[in-house]
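There are 2 protein chains.
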Amino acid sequence: MSDMDTGDIASTPEPPYYAVVFTSVLRPDHDGYYETAALMAKLVADSPGYLGHESARGADGLGITVAYFTDEAAIKTWRDNAEHAAARARGRAEWYSGFELRISKVERAYGFRRAD
Amino acid sequence: MSDMDTGDIASTPEPPYYAVVFTSVLRPDHDGYYETAALMAKLVADSPGYLGHESARGADGLGITVAYFTDEAAIKTWRDNAEHAAARARGRAEWYSGFELRISKVERAYGFRRAD
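Top to bottom, those sequences are chains P and C.
Using full-length UniProt numbering, the first residue of the first sequence is number 1, and each one after it goes up by one.
Using full-length UniProt numbering, the first residue of the second sequence is number 1, and each one after it goes up by one.
Keep in mind that the hints were calculated from the coordinates and are not lab data.
On a predicted model such as this, the values are computed, not experimentally measured, just so you know.
All residues carry an ideal CB built from backbone N, CA and C; glycine is no exception.
Take these hints with a grain of salt, some might be off.
The calculated label-pair distances, taken between Cβ atoms and stated as ranges, are [stated by the list, open to error]:
| hint | chain 1 | residue 1 | chain 2 | residue 2 | range |
| --- | --- | --- | --- | --- | --- |
| 1 | P | Glu107 | C | Ser11 | 31 to 37 Å |
| 2 | P | Arg92 | C | Glu35 | 35 to 41 Å |
| 3 | P | Arg79 | C | Arg90 | 26 to 32 Å |
| 4 | P | Asp29 | C | Ser11 | 24 to 30 Å |
| 5 | C | Ser11 | P | Asp71 | 40 to 46 Å |
| 6 | P | Leu39 | C | Thr77 | 38 to 44 Å |
Take these sequences, add in the hints, and give me the full structure.
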């Protein structure tokens, strides 16, 4: 999976659900990367079983995107999206010096939101 | 868990293992945050069952840190570290406008590293 535009903390339901953790390092030359990432962020939101995503990339080029899905079937559906597959191929060929993708099952979660 | 300094893609073993995904938003005033984050990155590396971590924070203040551990016992050991507990308390009181922590079991993983 390619990573996506930055936003807020995802509002996810009670576990269990799935988290796809995509960690990547951008090459210095990555023309078109951010445009494609923004498009993927829009597309995944319409993919069945999508629950939300979070994305951050630091000044050093290391980025982490976590996308949340209801189950493994939802992850497979997004993986098989044709535009997503094309973006992944371009990422591997042009944009990334390396990445790691980890598919995990969220067992517990808790959060904190400041009241003020 | 507080988040940590930025680095490289973590080298993790074959699954299964655990991923603790910590997503946070910093308040505009967060004096001492980065110093504490760097200290936590050093401490966690010595915690039993630690496998590695990755961290990224974008210009908008949203950060994601993922720490990898062998099992739930290792996560509990790090949670119970006294300096880590103090850092978490300070994060909640001073640094974060919000966070979400998700404990997940990594079932599958694959990566790519460019040869050139």
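Quick rundown of the hints versus the structure:
Our hint of 31 to 37 Å for P:Glu107 and C:Ser11 is violated, since their Cβ atoms are close to 24 Å apart. Judged by the Cβ atoms, the range 35 to 41 Å given for P:Arg92 and C:Glu35 holds: they are separated by roughly 37 Å. For P:Arg79 paired with C:Arg90, a C-beta distance near 40 Å fails the hint of 26 to 32 Å. A hinted range of 24 to 30 Å holds for the C-beta pair P:Asp29 and C:Ser11, which are about 26 Å apart.
Checking the proposed 40 to 46 Å range against C:Ser11 and P:Asp71 shows it is violated: the Cβ atoms sit about 29 Å from each other. The hint said 38 to 44 Å for the Cβ distance between P:Leu39 and C:Thr77, and at roughly 42 Å that hint holds.
Checked against the numbered hints above, the structure violates hints 1, 3 and 5; every other hint is satisfied.
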